[in-house]
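K.L.:
Make a model of the complete structure from these sequences and hints.
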Amino acid sequence: MNLLAHPLLMLFLITFSCGFAEMRPDFCNLEADSGRCMAYFPRFYFNQSDSKCEQFIYGGCEGNGNNFETIEDCQSTCG
1 MNLLAHPLLM LFLITFSCGF AEMRPDFCNL EADSGRCMAY FPRFYFNQSD SKCEQFIYGG
61 CEGNGNNFET IEDCQSTCG
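This note's numbering numbers the first residue of the sequence shown as 1 and each following residue consecutively.
Source of the hints: derived by calculation from the structure; they are not laboratory data.
Here the structure is a predicted model, which is why all the values come from computation and not from measurement.
Every residue gets a Cβ at the ideal spot worked out from N, C-alpha and C, and that includes glycine.
Take these hints with a grain of salt, some might be off.
Said to hold, decoys possible - Derived CB-CB ranges, DEER-like:
#1 Met23 <-> Gly59: 27 to 35 Å
#2 Met23 <-> Gly60: 25 to 33 Å
#3 Asp26 <-> Lys52: 13 to 21 Å
#4 Ile57 <-> Phe27: 26 to 34 Å
#5 Pro42 <-> Ser76: 13 to 21 Å
P.N.:
Quick look at the structure:
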């Protein structure tokens, strides 16, 4: 039984850890999008390649879901 338990435990842990990484919403993978308007709103987006939230300037309209008013909101949603 012990010989079978170790591979099953490893398989479970690998599956669980991979599934956990996929729980991030899809919009967290989008690039920062300022939109087409010309306002100046400091916002935050999740930079997927660096795995951290960074500031960008939002123009006030359009854009995408990877757009947060605070770094805390960005981190709790995507980070």
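K.L.:
Hints first: check each against the structure and report whether it holds.
P.N.:
Here is what the structure says about each hint:
For Met23 and Gly59, the Cβ-Cβ distance of about 30 Å falls inside the hinted range of 27 to 35 Å, so the restraint holds. For the pair Met23 and Gly60, the supplied restraint of 25 to 33 Å holds, since their beta-carbon distance comes to about 30 Å. Range check, Asp26 to Lys52: about 18 Å between beta-carbon atoms, so the 13 to 21 Å window is met. For the pair Ile57 and Phe27, the supplied restraint of 26 to 34 Å is violated, since their beta-carbon distance comes to about 19 Å.
At roughly 18 Å, the beta-carbon separation of Pro42 and Ser76 lies within the given 13 to 21 Å, and the hint holds.
When each numbered hint is compared with the structure, a violation occurs for hint 4 only.
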